[in-house]
Amino acid sequence: MLSRTADHLFWMARYIERAENTARVLDVTHSTSLLPDDSAGAEANLWYAPLNISGCAADYTAKYGGLAESVSVTRFIALDPDNPASIYTSLMLARENARAVRGAITGEMWEIINATWLELNRMSPTLSGNRLTPFFDWVKERSHLFRGVTLGTILKDDALNFIRLGTFLERADNTARILDVKYHILLPSVQDVGGAADYYQWGALLRSVSALEAYRKIYRDVISPQRVAELLVLRADMPRSLHACLNEVDSTLEIINGSTGREARRCAGELHASLHFNLIENIFAEGLHEYLTDFLGRIDVLAKEIRSAYLARRDESVAPFPIRQMAQVQ
Amino acid sequence: MHESTTILSKPPAFNEMLSPEGEVRDQYRDVTGQLFSMPLEALSLKQREAEVLFRRLGITFAVYGQDAGAERLIPFDVIPRIFSASEWGLLARGLKQRVRALNAFLHDIYHGQEIIKAGLIPAHQILKNSQYQPEMQGIDLPNQVYAHIAGIDLVRVAENDFYVLEDNLRTPSGVSYMLENRNTMMRLFPDLFASHTVAPVDHYPQMLLDTLIEAAPPNVDQPVIVVMTPGANNSAYFEHAFLASQMGVELVEGKDLFVHAGKVYMHTTEGPQQIHVIYRRVDDDFLDPLVFRPDSMLGVPGLMSAYRGGGVVLANAVGTGVADDKSTYLYVPAMIEFYLGEKPILSNVPTWRLSEPEDLKYVLAHLPELVVKEVQGSGGYGMLVGPTSTPDEIVAYRERILASPASFIAQPTLALSTCPTLVEAGIAPRHVDLRPFVLSGKEIRLVPGGLTRVALTEGSLVVNSSQGGGTKDTWILED
Numbered sequence: 001m002l003s004r005t006a007d008h009l010f011w012m013a014r015y016i017e018r019a020e021n022t023a024r025v026l027d028v029t030h031s032t033s034l035l036p037d038d039s040a041g042a043e044a045n046l047w048y049a050p051l052n053i054s055g056c057a058a059d060y061t062a063k064y065g066g067l068a069e070s071v072s073v074t075r076f077i078a079l080d081p082d083n084p085a086s087i088y089t090s091l092m093l094a095r096e097n098a099r100a101v102r103g104a105i106t107g108e109m110w111e112i113i114n115a116t117w118l119e120l121n122r123m124s125p126t127l128s129g130n131r132l133t134p135f136f137d138w139v140k141e142r143s144h145l146f147r148g149v150t151l152g153t154i155l156k157d158d159a160l161n162f163i164r165l166g167t168f169l170e171r172a173d174n175t176a177r178i179l180d181v182k183y184h185i186l187l188p189s190v191q192d193v194g195g196a197a198d199y200y201q202w203g204a205l206l207r208s209v210s211a212l213e214a215y216r217k218i219y220r221d222v223i224s225p226q227r228v229a230e231l232l233v234l235r236a237d238m239p240r241s242l243h244a245c246l247n248e249v250d251s252t253l254e255i256i257n258g259s260t261g262r263e264a265r266r267c268a269g270e271l272h273a274s275l276h277f278n279l280i281e282n283i284f285a286e287g288l289h290e291y292l293t294d295f296l297g298r299i300d301v302l303a304k305e306i307r308s309a310y311l312a313r314r315d316e317s318v319a320p321f322p323i324r325q326m327a328q329v330q
Numbered sequence: 331m332h333e334s335t336t337i338l339s340k341p342p343a344f345n346e347m348l349s350p351e352g353e354v355r356d357q358y359r360d361v362t363g364q365l366f367s368m369p370l371e372a373l374s375l376k377q378r379e380a381e382v383l384f385r386r387l388g389i390t391f392a393v394y395g396q397d398a399g400a401e402r403l404i405p406f407d408v409i410p411r412i413f414s415a416s417e418w419g420l421l422a423r424g425l426k427q428r429v430r431a432l433n434a435f436l437h438d439i440y441h442g443q444e445i446i447k448a449g450l451i452p453a454h455q456i457l458k459n460s461q462y463q464p465e466m467q468g469i470d471l472p473n474q475v476y477a478h479i480a481g482i483d484l485v486r487v488a489e490n491d492f493y494v495l496e497d498n499l500r501t502p503s504g505v506s507y508m509l510e511n512r513n514t515m516m517r518l519f520p521d522l523f524a525s526h527t528v529a530p531v532d533h534y535p536q537m538l539l540d541t542l543i544e545a546a547p548p549n550v551d552q553p554v555i556v557v558m559t560p561g562a563n564n565s566a567y568f569e570h571a572f573l574a575s576q577m578g579v580e581l582v583e584g585k586d587l588f589v590h591a592g593k594v595y596m597h598t599t600e601g602p603q604q605i606h607v608i609y610r611r612v613d614d615d616f617l618d619p620l621v622f623r624p625d626s627m628l629g630v631p632g633l634m635s636a637y638r639g640g641g642v643v644l645a646n647a648v649g650t651g652v653a654d655d656k657s658t659y660l661y662v663p664a665m666i667e668f669y670l671g672e673k674p675i676l677s678n679v680p681t682w683r684l685s686e687p688e689d690l691k692y693v694l695a696h697l698p699e700l701v702v703k704e705v706q707g708s709g710g711y712g713m714l715v716g717p718t719s720t721p722d723e724i725v726a727y728r729e730r731i732l733a734s735p736a737s738f739i740a741q742p743t744l745a746l747s748t749c750p751t752l753v754e755a756g757i758a759p760r761h762v763d764l765r766p767f768v769l770s771g772k773e774i775r776l777v778p779g780g781l782t783r784v785a786l787t788e789g790s791l792v793v794n795s796s797q798g799g800g801t802k803d804t805w806i807l808e809d
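Going line by line, the protein sequences match chains A and B.
Per this note's numbering, the very first residue in the first sequence carries number 1; after that it's consecutive.
Per this note's numbering, the very first residue in the second sequence carries number 331; after that it's consecutive.
So here's chain B without its partners, still in its complex pose (with noise of 0.2 Å):
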C-alpha cells in the first residue's frame, strides 16, 4: 500500500513567505517592504488597474456551460509568488527528467512496448486505455519527441517536498497568463523590478518556435510553422492568437487546410501554400474527420494519413494522452527509473487505483478525507473534495464510483503551500499551485517560471479557473 498516512493527518500548509517562526523567508523581504508597506487602497486600486488592463486587451476564457460569462478574466492577484534560484534549480532538474521518462515512454509504448515486457506496466493499462491510438503504433517522429509542450502542475507540501500533481501532455494551456501576468506586473510595479532580479520569461514564444522548427520533418530547409485552433469561441482562443502573433506565424483554423497527395496546405491570399508543423491546440478525436470523428468541423480530412506519412508534423503528437491519463501517472516513477536508469527528483502523489478491490475499499471508507478525481478528467471538472463536501454530496459521489470503480483515482487532501494573496479582508495566505512549461525539441528548454494558479476563496483548495481561481506573477529570483 501507500506510505500517505503521513500527510493525512493534515500538517498545516507552507507557508511560503513567513517561516513558521513567523520571520519573512528572504526571497519575500524586497517585495514585503515594497508591497506591503502600501496602504490597503492603494494595492486595491493597482488591482483594479490591472483587471482594466487584462479586459483592455482581451485576455478572457470562456467557461462552458455558462452562456453568461461568455468572456471571463482570470482574476490576477498582484502579489508575486517567489522562489529563489536554487529551489527552481531543483524543480528545473525534476521537469526536465519527467517529461525526458514521459518522451521516452510514448516512443515505447508506439513502438517495442519494453517497458510492458518488462512487466513494469500491465497490458491492458496501455491497450485498453482510451486515449491509446493505435494509429500512431509504428509511426517514428523527428527526435522521437511526442509531447513537444508539457505542462506539469507541482503542488508544495513542505520546504523541500514538491508533488506532481499531474502531467499535462496534450494541449496544456496556460503560457500566456504566465507571459501577460509578468507583462502586467511590470507595468504596475516599475520600482519591484529595479530592487529584484527576476529571471525574464519573455523568450518563452522565442523558445516554443525553436522547439516547433527542431520538430520539422527531416530535409525541409525553411519549415513553415502554424498554430491551428479550435476557433475563437474555444476557451483558451486568447492565448493561441497571443502565441501566433508572438511567434511571427499563421493562426489556422481546420477549414484554412487541405491535404493534397500527402503534404498539408493552407488556402492564402496567394493561394495555397505548404505547411510543415502544426502547433494545433484542437484535441485528437477532432483532428480528422476520416479518422476520427466524422461530425467534427474542425479537422482536416486527410491529415492523419499526411502525418502518418512523414508529410506534417503535430506538436503535439496523436496519442499523448495515454502518458498524462492520471491511471498510467502512478507508472511515471518506474518509468524515470526504467528509461533514464535515474532516481525521480519529483514525487507521485500517493494515489489509490480504484480498479484495484483494496484500494477501493479503504477509499471508500475515507471519503471525508480525500480528493477523488475521474481519470479522464481535467479542469477540475468532476472532483470530489472529501474535507470540503457536503455528507450528501459524498453519498452522491459514492454511487458514482460504485458505478465504474476504474474510472477513478483518489489521492489524500494535500496542504498545499500557501502565499500572501490580495483578498477583500486585506492579505491572506491562500493555496496555491504551479504549472511550468516544458518544450521538448532537440534538446529540452524552459523558461524560469510558470503559471502560478491560486484559489482564492479561503481554505478552498481548488486553484482552476473554470472553478474560480485566480493566478499570480511566479518569481525566479537570480543569485
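Okay, chain A solo, but in the shape it has when bound (with noise of 0.2 Å):
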C-alpha cells in the first residue's frame, strides 16, 4: 500500500476517535456539572478538565481568559473552527484524510463521513441546554457508524490494517488522558468512598468511556479509584482499556505486511507484555499519574515507529498533522 494512502488512513480513524472522546469527555462533563456542587471555583475545576484532557487549555485562556466556564467551554470544544482541538476540526481533518484516499476507502464509508461533515455543518454553532445531550449521541453514534461500516464493506487487508491501527493508538492516548485528568480531580474525594457524590462522580468517569455496566459486572461492589483505574488499564476484556488497546495495535501490527516494521513491532510488543503483566498495586505504588504520564510517551513514541516504518515519504521532514502536548496537570 502506498505509504501516503496509509497515512491518510490512519490519521482519518484517529481523527474519528477522537471526535467521539471528545464527544464522551464534553457528555460527561456536562451530566456531573448537573450534580449539586457548592465548593469554591467547583466550576471552573470542572470544565478545567475537558480542555485539559484534550490539550487546548492555553488557547482557551486566550481565547476567552478568565476561569474555565461551561457555555464558553462547551462552544469552543464541540464547535469551534478555530481551535484544533474541538470536534468540529476532528470531523474536518477526518474527512479531509478520507477525502485525500477517496479511493482506498469503500463509498459507504466515504459516504458515512461525508454526510457527517455536511450534517454538522448545517447544525448551529451555539449548543446549548437540551440540544447538548442529543449533539454528543449523535457524535458517538456517527463513530460507531463508521466503524460497523468500515467492518462491514472493506477488504481485509492492510488499508484496514492501518485503520485499525489509528483507532487503537487514540483510542489508548484518550483513555489515559481521561483516566489521569478525571484521576486528578476525584482524588481529593478518595477517603469519602462510599459517599453519594462520590458514586456519582466515579460512576460519570466510567459512563464517559462506556464502562459503568462492565464495571457492575465485575466487581459488583462500590466503586473504588483503584478498581476503576484497573479496569481501564489492565482488563483486557474492557474495550476502552489501555490493555485492550495495546492488543489490538500489537496483532494488527504482527499482519502487516512486509519487514520494514521491526521497530515498531518491537515497541508494542513490550508495551502490550507491560500491560499484560502488570498488577494495579504495583502501578498505584509508582503512581498512576506518573504510570500514565509514562505510558503516553510511549505511545508517542510507538507512533513515530509505526511513522517512520510505513508512514513516511519524500516531504518527511515537515509534520503534517498536529502532534497534541500532553496537558500539564496541576
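It is possible that part of the hints are untrue.
What the hints assert, rightly or not - Label pairs and their in silico Cβ distance ranges:
hint: 1; chain 1: A; residue 1: 131; chain 2: B; residue 2: 354; range: 52 to 60 Å
hint: 2; chain 1: A; residue 1: 144; chain 2: B; residue 2: 675; range: 54 to 62 Å
hint: 3; chain 1: B; residue 1: 640; chain 2: A; residue 2: 300; range: 43 to 51 Å
hint: 4; chain 1: A; residue 1: 137; chain 2: B; residue 2: 603; range: 38 to 46 Å
hint: 5; chain 1: B; residue 1: 601; chain 2: A; residue 2: 304; range: 14 to 22 Å
hint: 6; chain 1: B; residue 1: 550; chain 2: A; residue 2: 111; range: 34 to 42 Å
hint: 7; chain 1: B; residue 1: 603; chain 2: A; residue 2: 41; range: 57 to 65 Å
hint: 8; chain 1: B; residue 1: 464; chain 2: A; residue 2: 96; range: 38 to 46 Å
hint: 9; chain 1: A; residue 1: 81; chain 2: B; residue 2: 419; range: 52 to 60 Å
hint: 10; chain 1: B; residue 1: 718; chain 2: A; residue 2: 129; range: 53 to 61 Å
hint: 11; chain 1: B; residue 1: 757; chain 2: A; residue 2: 255; range: 50 to 58 Å
Derived from the structure by calculation, the hints contain no laboratory data.
Keep in mind the model is a prediction, meaning the values are calculated, not measured.
Each residue gets a CB set at the ideal place from its N, CA and C atoms; glycine is no exception.
Since each chain sits alone in its own frame, please combine them into the complex, following the hints.
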C-alpha cells in the first residue's frame, strides 16, 4: 500500500476516534455539572478538565481569558473551527484525510464521513441546553456507524490494518488522558469512598468510557478508584482499556505486510507485555499519574516508529498533522 | 476561404427529440411516454434526489478563482439524451478514424515529420508551437500511441451533421460523470431501463485498465499501473480517485514517487515498488521540475529522463498538446487523408485563423455573429460568443485580438442541437454537446456513450461546467 494512503487512513481513523472521545468527555462533564456542588471554584475545576484532556487549555485561555465555564468551554471544544482540538476540527480533518484517499476506502465509508461533515455544518454554532446530549450522542453514533460500516464493507487488507492502528492508538491515548485528568480531580474525595457524590463522580467517569455496566458486572461492589483504574488500564476484556487497545495494536502490527516495521513491533510488544503482566498495586505504588504520563510518552514513541516504518515519504521533514502536547496537570 | 456562409444564416437549432413536424422521434418515444407523463413536481423531486446522491457521494468539482465555491455540484438533468444504434455507429467509426490519425500525426512530428515535408502543414505551426516538446523528438513509444485517452467534443447541427468542436488529447476529464450519471439514472428510474435496451457504459474502467496495460514497456510481465493526480484540490480530483479505485490501482501524487537508476518507484508500506505505467492527470509543465517548471511541487524530479529511457510509460504522452491545439485542429482532416488515405467521417467546424490577414479582416468585420476562441484556451474561459455579447464586450475583445491576432481563431456561431431539459418553467429545449472518450492501446476502444453537456440557460451555447453548464445521461439504444 502507498505510504501516503496508509498515512491518511491512519489519521482518518484517529480523528474519528478523537471526535468520539471528545464528545464522551464533554457529555460526562455536563452530566457531572448537574450534580450539586457548592465548593469554591467547583465550576472552573470541573470545566478545566475537558480542556486539559484535549490539550487546549492554553488556547482557551487565550481566546476567553478567565476561568473555565460551562457555555464557553462547550462551544470551544464542540464546534469551534479555530480550536484544533474541537470535535468540529476533528471531523473536518477526518473528512479531509478520507477525501485524500477517496479510492482506498469504500463508497459507504466515504458517504458516512461526508454526510457527517455536511450535517455538522448545518448545525447552529451555539449549542446549549437540551440540544447538548443529542449532539454528543450524534457524534458517538456517527463514530459507531463509521466503525461498523468499515468492518462491514472494507477488504481485510492493510487498509483496514492502518485504520485499526489509528483507532486503537488514539483510543489508548484518549483513555489514558481521561483517566489521568479525572483521577486528579476526583482524588480529594478518596477518603469519602462510598459516599453518594463519589458514586456519581466515579460513575460519570466510567460512563464516559461506556464502562459503568462492565464495572458493575465485574466487581459487583462500590466504585473504588483503584478498581476503576484497574478496569481502564489492565482489563483486556474492557474494550476501551489500555490493555485492550494495545492487544489490537500489537496483533495488527503482526499482520501488516512487509518487513519494515520491526522496531514498531518491538515497541508495541513491549508496551503490550507491560500491561499484560502488570498489577494495579504496582501501578499505584509507582503513582497512577506517573504511570499514565510514562504510558502516553511510550504511545507517542510507538506512533513515531509506525510513522517512520510505514507512513514516511519524500516530504517527510514537515509533520503534516498537529501533535498534541500532553496537558499539564496541576 | 471557408464554405461557412450556409450555417451563418442561423437555421433553427436541430431538435433531437422532435421532428420539424412536431413528431417525437423513435428513440425518444418510450421515454417521453414515461417521463413526461409524470407530474412536474415528481420530476423535480427526482432531480433533487439526484443532487442529494451526488453530494453524498462527493461528486463535486472545484471552480477556479471562486473561493466560495470550493466544492460545487455539476447540475444533473434527469432527462436522458438518446441516440439510435445507427447514429452511434457512424459517430464511433468517425471517432476511431480521427484518433488513429491524431496518434499517427503525433508519432510523425516527433519522428520523421513527413507531413511537414509533404507540405501539408507549415513547419512553424509545429515547431514554433508552445505545446511542441523537443524532449520527445525521436523517442519510441509502445504501439506508437501518444494519446491513450482522447476526449473528442462533438456538436450536432442537423440530422446527419456532426462537427468536431475540439480534440482533447492532454488530460481530458468528464468520464466519471458519464459513469455516475448512468448510475444515478438507474437508481432514480429503474423502470426506464426495464423498458429500454440501453447499451452499458460501466465497463469503461476495465477498458481503460486494458489500454494502460497494453501501454506498458515491452517485456514487463505484470505491469504496475498508477493514476497520478495533482492532489485533492484539483478540480477533477473526484474523477482521479474514482478511476483509480474502479481500476483497483493506486492513486499517487508526485511526492509518492521517486526515480532511481532510470526506473520510477512509489513509496509503499512495504518499501519502494517499481511502477510501469502512469496514467497522469498532471499537465506536462508540472511533471518534472528538472525539465519543466522548476517551481513545481507536483512532479517527480528525474521523471522525464526515466520516461525518455523507456523505464516508464506516461499516458497520455508528453507533447500531445501540439495536436489538440485549436490552430492545429484545422489540419486534422488533412491528417486523416495523409496518414490513413481515407475521407474524414466527422467534419471540422469551419474556422478562421486570425494569423491570416484575410481571415482577420473578415472576422473583425463580423464579430457580433462569430465565436472567437484563444488558441491555447480551454474550459470555455476567455472566449467571445458574439451574438450574446454586449457591444462593450465586443469592443474589449477586439482590442485583445488586435494585440495578438495569431492567438485566436474564430468560428461561426453554430446552431447546436437541443434536447428536452428540466428547467424551472418545465421541460424546454436546451443546447447540448457530446464528449465521447476514445481509448488507444494495441487497438482502439470506446464505450457506447459519452458525456452530454447541456447549457442550462435559455439560448446559451456555452456548455462548460465551469460556466454553469450541466450534464445528462447519454443513451445509445441497442437495436
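Against the structure shown, which of the earlier numbered hints fail to hold, in ascending order? As far as the earlier hints go, not one is violated by this structure.
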